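Number of protein chains: 2
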Amino acid sequence: MTPAPQLSHRASIMPASPIRKLVPLGDAAKQRGTHVYHLNIGQPDIETPPEFFDAVRAYQEKVIAYGNSQGIRLFIESLQEYYASLSIPLAFNDIVITTGGSEAIMFAMMAVAQPGDEILVFEPFYTNYNGFAIMAGVTLVPVGTKAEDGFHLPSAEEIEAHLTPRTRAMVICNPNNPTGTVLGDDELLMVRDLALKHNLYVLSDEVYREFAYEGAARSVLQLEGLEQHAVVMDSLSKRYSLCGGRMGAVISRNRAFMEVMLRFGQARLCSATLEQVGAAALVAAGAKYFDPMIAEYRQRRDATFEELQNIPGMLCRKPSGAFYIMAQFPVDDIERFAAWLLTDFSDGGETTMLAPGPGFYATPGRGTSEARLAYVLNAPECRRAVEIVARGIEAYNSLNRKD
Amino acid sequence: MTPAPQLSHRASIMPASPIRKLVPLGDAAKQRGTHVYHLNIGQPDIETPPEFFDAVRAYQEKVIAYGNSQGIRLFIESLQEYYASLSIPLAFNDIVITTGGSEAIMFAMMAVAQPGDEILVFEPFYTNYNGFAIMAGVTLVPVGTKAEDGFHLPSAEEIEAHLTPRTRAMVICNPNNPTGTVLGDDELLMVRDLALKHNLYVLSDEVYREFAYEGAARSVLQLEGLEQHAVVMDSLSKRYSLCGGRMGAVISRNRAFMEVMLRFGQARLCSATLEQVGAAALVAAGAKYFDPMIAEYRQRRDATFEELQNIPGMLCRKPSGAFYIMAQFPVDDIERFAAWLLTDFSDGGETTMLAPGPGFYATPGRGTSEARLAYVLNAPECRRAVEIVARGIEAYNSLNRKD
Numbered sequence: 003m004t005p006a007p008q009l010s011h012r013a014s015i016m017p018a019s020p021i022r023k024l025v026p027l028g029d030a031a032k033q034r035g036t037h038v039y040h041l042n043i044g045q046p047d048i049e050t051p052p053e054f055f056d057a058v059r060a061y062q063e064k065v066i067a068y069g070n071s072q073g074i075r076l077f078i079e080s081l082q083e084y085y086a087s088l089s090i091p092l093a094f095n096d097i098v099i100t101t102g103g104s105e106a107i108m109f110a111m112m113a114v115a116q117p118g119d120e121i122l123v124f125e126p127f128y129t130n131y132n133g134f135a136i137m138a139g140v141t142l143v144p145v146g147t148k149a150e151d152g153f154h155l156p157s158a159e160e161i162e163a164h165l166t167p168r169t170r171a172m173v174i175c176n177p178n179n180p181t182g183t184v185l186g187d188d189e190l191l192m193v194r195d196l197a198l199k200h201n202l203y204v205l206s207d208e209v210y211r212e213f214a215y216e217g218a219a220r221s222v223l224q225l226e227g228l229e230q231h232a233v234v235m236d237s238l239s240k241r242y243s244l245c246g247g248r249m250g251a252v253i254s255r256n257r258a259f260m261e262v263m264l265r266f267g268q269a270r271l272c273s274a275t276l277e278q279v280g281a282a283a284l285v286a287a288g289a290k291y292f293d294p295m296i297a298e299y300r301q302r303r304d305a306t307f308e309e310l311q312n313i314p315g316m317l318c319r320k321p322s323g324a325f326y327i328m329a330q331f332p333v334d335d336i337e338r339f340a341a342w343l344l345t346d347f348s349d350g351g352e353t354t355m356l357a358p359g360p361g362f363y364a365t366p367g368r369g370t371s372e373a374r375l376a377y378v379l380n381a382p383e384c385r386r387a388v389e390i391v392a393r394g395i396e397a398y399n400s401l402n403r404k405d
Numbered sequence: 003m004t005p006a007p008q009l010s011h012r013a014s015i016m017p018a019s020p021i022r023k024l025v026p027l028g029d030a031a032k033q034r035g036t037h038v039y040h041l042n043i044g045q046p047d048i049e050t051p052p053e054f055f056d057a058v059r060a061y062q063e064k065v066i067a068y069g070n071s072q073g074i075r076l077f078i079e080s081l082q083e084y085y086a087s088l089s090i091p092l093a094f095n096d097i098v099i100t101t102g103g104s105e106a107i108m109f110a111m112m113a114v115a116q117p118g119d120e121i122l123v124f125e126p127f128y129t130n131y132n133g134f135a136i137m138a139g140v141t142l143v144p145v146g147t148k149a150e151d152g153f154h155l156p157s158a159e160e161i162e163a164h165l166t167p168r169t170r171a172m173v174i175c176n177p178n179n180p181t182g183t184v185l186g187d188d189e190l191l192m193v194r195d196l197a198l199k200h201n202l203y204v205l206s207d208e209v210y211r212e213f214a215y216e217g218a219a220r221s222v223l224q225l226e227g228l229e230q231h232a233v234v235m236d237s238l239s240k241r242y243s244l245c246g247g248r249m250g251a252v253i254s255r256n257r258a259f260m261e262v263m264l265r266f267g268q269a270r271l272c273s274a275t276l277e278q279v280g281a282a283a284l285v286a287a288g289a290k291y292f293d294p295m296i297a298e299y300r301q302r303r304d305a306t307f308e309e310l311q312n313i314p315g316m317l318c319r320k321p322s323g324a325f326y327i328m329a330q331f332p333v334d335d336i337e338r339f340a341a342w343l344l345t346d347f348s349d350g351g352e353t354t355m356l357a358p359g360p361g362f363y364a365t366p367g368r369g370t371s372e373a374r375l376a377y378v379l380n381a382p383e384c385r386r387a388v389e390i391v392a393r394g395i396e397a398y399n400s401l402n403r404k405d
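From first to last, the protein sequence lines stand for chains A and B.
The opening position of the first sequence corresponds to residue 3 in this note's numbering, with each subsequent residue numbered one higher.
The opening position of the second sequence corresponds to residue 3 in this note's numbering, with each subsequent residue numbered one higher.
Only chain A is shown next, with the shape it has when bound in the complex:
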């Protein structure tokens, strides 16, 4: 057979999703009859609001036709209403609907950076920023944050030390995936000042906005003077437990930027019509949906954190947002340990899947003893899943000592 032509460099360096790469091992465990607690992926178990299903079932058109490239009017207007309820007034053209927050991230990166340009990210970061940057040919420049600082941003000087003539933007994620950290006003003002001083875009991933347990997370859209620099990459996936709906948006008051978003959007024609129809009905769910959900997640966070604290040698802080805890484990190699939990360990026929830390870092060697835990199960299940981890650590380390 003729050999295959070479693939591109970006294809060769594109990583497999570190969140998903343990999945085959988990599947094998399930096939052996082991129950697997999934703390590895941010897939909430909370029910999607019935308004979504009702709107989809009520759809009466006979043809699933192309929608407008910007998004269907009803959905865009519903987002205007949602943002107005947060005291963030937006014009209709400040919003372009995207296929999940994923497309919003990719479009935003491509619009501000040319292949070879640089974008700052704060480490650890949402692992898929890396994938989109590779596809776009953009270089991510990691700026470290530390567990002992609660993963808050470093000083302006430290950030500035990473700037080069090719830096085009900073990515922030607030509340943060994977650390659960919510940025304070002082940090947001520092980001604003840096962006204005160095004329950089601020690409702000605010997908977990509602998941803030000690006080609201502020949007970059609320920072005065940043109107031309602030871009929000938004998604309904977490807010309405709609991960498989792939409904997101890119939002900015920068006209030239939004004009580019629309042209990028035109190339891929539109986002899914039926899902937009369903999503447009969700603003009506509003606070009556969020309030009990956030109360539930607060319980889960508290339960997970409490159990983690009981593990000797485990280091973590109580995060104030999102639904993740980034913890430092008392094991030699988190990748090996996480795989071992699935292949060699079970406690009462059950085990736990984690997301190993290195996938959230760009700097080699960082995160090798850390893992992200997504507390997306109910509180008793979260407790049980962490209990399994505790027993796993004990067994794993005693095995290693014998080696």
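Don't take each hint at face value.
Intra- or inter-copy, both count: the list cannot distinguish identical chains.
Said to hold, decoys possible - Derived BS3-like pairs (lysine-lysine); straight-line CA-CA distance at most 30 Å:
#1 Lys-199 / Lys-32
#2 Lys-290 / Lys-64
#3 Lys-64 / Lys-23
#4 Lys-199 / Lys-64
It is worth saying that the hints were derived from the structure and are not from the lab.
In this text the structure is predicted, and so the values were computed from the model without any measurement.
Position chain B relative to chain A; hints supplied.
Positioned in the frame of chain A, the structure of chain B alone reads:
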């Protein structure tokens, strides 16, 4: 206000969709009460099969969760069944579900070409190839085809004259958008031989496969020896009148390539779950859906072509596939004429929207008197829409003569 930071070069050169850019003029015409026949966009009016709606309405899960990055099993298996019915056996891992053919095109281009690499396309071509190439930083190298040759491929020598050390792939579209041309076996074998000789990928857009009126369109997946080079970019948009469903697939027997498709897919997590559930039910619609649909489109083609032939000075050939005719108009400037039809002309309160030719060419100055007509209305409406065009040409040219 602080000025906005600069956008990327690719953002600045990203074209507005030429198919969609007349839309505001069309909207204004409608607001004046003018009925607009849309021959500008490939949005079929045929009803989506009820199987799609039935499956979506029957969905019982309470959470719209992330699906597998490769696609949901049921949908992938339904595509295996569909391809098997075309005598194209595919393994489960030969298929990755994409968000429309659009994502399949972008993923395929990014996997085979690095920023600065070149991909050959045959002109005129589906305009959005250009948008995806710009996003990916890839250079499209146009190879001309001619109306007088029925837009069939040029000779191997002519194609080879466009190859450089940076050429990575050829894109073909069969049946063709915008020309309606179906490639003959001799052409496909030439493409195969060139791909093997120069070790190039063949990225084959086969979205219009069923729309072949004089004999089936052959897939590159059927070309012996091309297993490592052939990539199909597929979509259900046209086949099942599901344009707003954004359901597509990228297909190849090249394992390394498909592994990259999966990793690209993991970065954006998954395609819409509910739409996949609906799409999985469509294979069952099968021939009982296609046969009357193709008969209907054949009528529409014949009606549109007949009316076009009656226009003095209009040049076109009867296309054998897709649902487009690329015609050469007896006007000075097709962009001006197409806009004028919407802003200044109506016949009995009606007018027609066309897709101007230049948007389908990368070579400046080509296509300036051509337009693409999408015969996606019923035959009497197609006739009427072309009649309006005929009267428009007469009025427009007599105005110009007076100028």
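Status of each hint after checking the structure:
1. Lys-199 / Lys-32: neither (53 Å within a copy, 47 Å between copies)
2. Lys-290 / Lys-64: between (33 Å within a copy, 18 Å between copies)
3. Lys-64 / Lys-23: between (40 Å within a copy, 26 Å between copies)
4. Lys-199 / Lys-64: Neither, since 53 Å and 48 Å both go past 30 Å.
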